[in-house]
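Sequences and hints are given; from them, build the entire structure.
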Amino acid sequence: MENVEMENSDLIILRDKFESETQGEYMEYIKKEIISNANNKISDKNAELSELKSERESLKAEISQLKMEKAVAENDQLNTALLKTEDDLRDVINDIKKALIDNKKSKSSDISKLSDLVASLEDKVSNYGKDNKINDIIEEQEKMSALLNEFIETYKNDKEDILNKIGNVDRVEENDVIKQDQVENEVTDEIAPVLDTPVEEVNEEVKEDENVLENPENDINLNGPIVPMEDSVTPEFGVNSFDAGVENNTSDVAPVEEVTEEVKEETPVENGFDQVVNQEEIPQAPVEEAAQENTNIDPIPNELIEPLIEQQYSAAGVKATRTFVNSVKDPNYNFVLKTQPIPVSEIPQDLIDKFNENITNSNQEVATLSR
Amino acid sequence: MNQDKLVVNMNGENVSCDILFSLVCNETHKGYIAYTDHQKDENNQENLFIGVYDPVVGPSALGEVSSQQEWDLINSIIEKIKSL
Numbered sequence: 001m002e003n004v005e006m007e008n009s010d011l012i013i014l015r016d017k018f019e020s021e022t023q024g025e026y027m028e029y030i031k032k033e034i035i036s037n038a039n040n041k042i043s044d045k046n047a048e049l050s051e052l053k054s055e056r057e058s059l060k061a062e063i064s065q066l067k068m069e070k071a072v073a074e075n076d077q078l079n080t081a082l083l084k085t086e087d088d089l090r091d092v093i094n095d096i097k098k099a100l101i102d103n104k105k106s107k108s109s110d111i112s113k114l115s116d117l118v119a120s121l122e123d124k125v126s127n128y129g130k131d132n133k134i135n136d137i138i139e140e141q142e143k144m145s146a147l148l149n150e151f152i153e154t155y156k157n158d159k160e161d162i163l164n165k166i167g168n169v170d171r172v173e174e175n176d177v178i179k180q181d182q183v184e185n186e187v188t189d190e191i192a193p194v195l196d197t198p199v200e201e202v203n204e205e206v207k208e209d210e211n212v213l214e215n216p217e218n219d220i221n222l223n224g225p226i227v228p229m230e231d232s233v234t235p236e237f238g239v240n241s242f243d244a245g246v247e248n249n250t251s252d253v254a255p256v257e258e259v260t261e262e263v264k265e266e267t268p269v270e271n272g273f274d275q276v277v278n279q280e281e282i283p284q285a286p287v288e289e290a291a292q293e294n295t296n297i298d299p300i301p302n303e304l305i306e307p308l309i310e311q312q313y314s315a316a317g318v319k320a321t322r323t324f325v326n327s328v329k330d331p332n333y334n335f336v337l338k339t340q341p342i343p344v345s346e347i348p349q350d351l352i353d354k355f356n357e358n359i360t361n362s363n364q365e366v367a368t369l370s371r
Numbered sequence: 001m002n003q004d005k006l007v008v009n010m011n012g013e014n015v016s017c018d019i020l021f022s023l024v025c026n027e028t029h030k031g032y033i034a035y036t037d038h039q040k041d042e043n044n045q046e047n048l049f050i051g052v053y054d055p056v057v058g059p060s061a062l063g064e065v066s067s068q069q070e071w072d073l074i075n076s077i078i079e080k081i082k083s084l
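Residue numbers (the numbering used here), protein chains in the order written: chain A, 1 to 371; chain B, 1 to 84.
Since the hints were derived computationally from the structure, they do not count as laboratory data.
Just so you know, not all the hints are guaranteed correct.
As the list claims (entries may be wrong) - Straight-line C-alpha distance at most 30 Å; calculated BS3-like pairs for lysine-lysine:
{"#": "1", "chain 1": "A", "residue 1": "LYS113", "chain 2": "B", "residue 2": "LYS40"}
{"#": "2", "chain 1": "B", "residue 1": "LYS5", "chain 2": "A", "residue 2": "LYS41"}
{"#": "3", "chain 1": "B", "residue 1": "LYS40", "chain 2": "A", "residue 2": "LYS105"}
{"#": "4", "chain 1": "A", "residue 1": "LYS84", "chain 2": "A", "residue 2": "LYS113"}
{"#": "5", "chain 1": "B", "residue 1": "LYS30", "chain 2": "A", "residue 2": "LYS97"}
{"#": "6", "chain 1": "A", "residue 1": "LYS98", "chain 2": "A", "residue 2": "LYS84"}
{"#": "7", "chain 1": "B", "residue 1": "LYS40", "chain 2": "A", "residue 2": "LYS97"}
{"#": "8", "chain 1": "B", "residue 1": "LYS82", "chain 2": "B", "residue 2": "LYS5"}
{"#": "9", "chain 1": "A", "residue 1": "LYS105", "chain 2": "B", "residue 2": "LYS82"}
{"#": "10", "chain 1": "A", "residue 1": "LYS124", "chain 2": "A", "residue 2": "LYS97"}
{"#": "11", "chain 1": "A", "residue 1": "LYS70", "chain 2": "A", "residue 2": "LYS53"}
{"#": "12", "chain 1": "A", "residue 1": "LYS60", "chain 2": "A", "residue 2": "LYS41"}
{"#": "13", "chain 1": "B", "residue 1": "LYS82", "chain 2": "A", "residue 2": "LYS113"}
{"#": "14", "chain 1": "A", "residue 1": "LYS41", "chain 2": "A", "residue 2": "LYS31"}
{"#": "15", "chain 1": "B", "residue 1": "LYS82", "chain 2": "A", "residue 2": "LYS338"}
{"#": "16", "chain 1": "B", "residue 1": "LYS80", "chain 2": "A", "residue 2": "LYS41"}
{"#": "17", "chain 1": "A", "residue 1": "LYS32", "chain 2": "A", "residue 2": "LYS329"}
{"#": "18", "chain 1": "B", "residue 1": "LYS30", "chain 2": "A", "residue 2": "LYS98"}
{"#": "19", "chain 1": "A", "residue 1": "LYS60", "chain 2": "A", "residue 2": "LYS84"}
{"#": "20", "chain 1": "B", "residue 1": "LYS30", "chain 2": "A", "residue 2": "LYS113"}
{"#": "21", "chain 1": "A", "residue 1": "LYS98", "chain 2": "B", "residue 2": "LYS40"}
{"#": "22", "chain 1": "A", "residue 1": "LYS45", "chain 2": "A", "residue 2": "LYS31"}
{"#": "23", "chain 1": "A", "residue 1": "LYS98", "chain 2": "B", "residue 2": "LYS5"}
{"#": "24", "chain 1": "B", "residue 1": "LYS30", "chain 2": "A", "residue 2": "LYS105"}
{"#": "25", "chain 1": "A", "residue 1": "LYS84", "chain 2": "A", "residue 2": "LYS70"}
{"#": "26", "chain 1": "B", "residue 1": "LYS40", "chain 2": "B", "residue 2": "LYS80"}
If you're wondering where the values come from, they're calculated on a predicted model, not measured in any experiment.
The following block contains the structure:
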């Protein structure tokens with residue numbers, strides 16, 4: 001029995017020992033398995049994560065590329081639109097410039113016509129004593145008056161057109177506009193009676209005179225002796241005074257020289273065309289000097305009838321002063337060209353207005369100063 | 001031609017300058033204005049200033065001559081004026 005009990009006890013010990021050892025190894029085995037599995041899973045997950053990261057980077061690159069392409073396309077589209085807008089604006093600006101230059105050319109042409117008419121009228125006035133073409137003189141004077149009226153209207157409209165087309169009205173100070181308007185109104189008010197009233201009065205007077213001349217009872221000797229101009233009468237720029245002289249001779253038949261002598265004594269009617277102009281002064285500036293004698297009228301600009309101080313070239317409209325023309329022709333005159341910008345505020349507006357007005361009235365392809 | 005003058009601020013001093021000539025070039029679409037203060041340099045040459053402006057806008061600012069082509073144009077104009 002003791003042996004059996006002892007064997008049982010040993011067996012138990014052995015069993016316990018075996019179980020203990022077996023369990024330990026098993027646990028170690030289990031641990032290793034678990035760790036191994038876990039490492040494998042981690043490796044798989046890491047691999048999967050790397051793949052996802054790679055895919056994400058690829059997508060990012062693709063998105064960046066698409067964004068770039070989109071930006072380039074939009075930029076191209078925008079550039080195209082901007083270029084078109086710029087071209088359109090440039091076309092508009094060029095159209096405006098061309099229109100303005102054409103307008104100036106047209107105005108120059110009108111002034112040339114006016115100058116021709118003035119010359120024609122002067123010629124007829126100087127030859128009056130020879131052929132007595134009163135109607136021709138009246139007709140020329142009417143043409144000149146109409147052209148002057150048209151020119152003044154065109155000038156006024158041009159100012160408004162330029163301001164409207166450029167759209168820079170906000171750059172023009174209110175005082176400047178008032179000043180320009182005042183100048184235009186003053187010019188119009190002062191020149192209008194010169195242009196309008198005399199023609200009507202002259203027409204009326206001429207009709208009366210023609211009636212007198214056509215009346216056989218008056219028997220005016222139109223075929224009387226023709227005397228040299230210098231001996232007969234100082235030619236007058238206009239016909240009112242002469243007509244008044246004729247009117248005073250309706251009762252008596254008088255030779256032309258007597259009639260013209262009376263014309264010299266007549267007081268000229270107060271308008272620009274009826275001022276007495278010495279024939280010797282006509283080649284210089286007859287219209288202007290005639291106007292200067294009347295203090296109520298601004299002189300018609302020299303450029304209307306004296307295109308000597310300007311020259312026009314095919315590529316450029318040039319306006320040069322007589323002083324400069326004379327200076328550069330002097331071999332002793334030396335000059336050096338420099339360029340120097342000047343802020344506009346340092347150019348007085350009244351000088352710009354005067355210069356602009358003066359040039360606008362010239363018969364050149366115009367250089368314009370205006371705000 | 002008394003109205004053909006400019007009052008120019010040179011070195012802080014207002015100077016009355018005579019406008020000598022002006023032109024509008026159809027090729028450059030620019031306006032050029034020449035003026036002088038009648039001052040002479042050490043070589044006894046009179047100053048002749050050239051200002052550039054936009055003929056449409058007017059001389060809101062006078063700029064400088066910027067190219068040789070423009071200088072050639074101005075010189076040719078002066079030569080033609082000489083030959084009048």
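Hints and how they fare:
no., hint, verdict
1, A:LYS113 with B:LYS40, "42 Å, violated"
2, B:LYS5 with A:LYS41, "96 Å, violated"
3, B:LYS40 with A:LYS105, "37 Å, violated"
4, A:LYS84 with A:LYS113, "43 Å, violated"
5, B:LYS30 with A:LYS97, "10 Å, holds"
6, A:LYS98 with A:LYS84, "20 Å, holds"
7, B:LYS40 with A:LYS97, "37 Å, violated"
8, B:LYS82 with B:LYS5, "22 Å, holds"
9, A:LYS105 with B:LYS82, "25 Å, holds"
10, A:LYS124 with A:LYS97, "40 Å, violated"
11, A:LYS70 with A:LYS53, "25 Å, holds"
12, A:LYS60 with A:LYS41, "28 Å, holds"
13, B:LYS82 with A:LYS113, "28 Å, holds"
14, A:LYS41 with A:LYS31, "15 Å, holds"
15, B:LYS82 with A:LYS338, "19 Å, holds"
16, B:LYS80 with A:LYS41, "98 Å, violated"
17, A:LYS32 with A:LYS329, "115 Å, violated"
18, B:LYS30 with A:LYS98, "12 Å, holds"
19, A:LYS60 with A:LYS84, "36 Å, violated"
20, B:LYS30 with A:LYS113, "28 Å, holds"
21, A:LYS98 with B:LYS40, "39 Å, violated"
22, A:LYS45 with A:LYS31, "21 Å, holds"
23, A:LYS98 with B:LYS5, "28 Å, holds"
24, B:LYS30 with A:LYS105, "16 Å, holds"
25, A:LYS84 with A:LYS70, "21 Å, holds"
26, B:LYS40 with B:LYS80, "23 Å, holds"
The structure is inconsistent with the numbered hints 1, 2, 3, 4, 7, 10, 16, 17, 19 and 21, although it conforms to all the rest.
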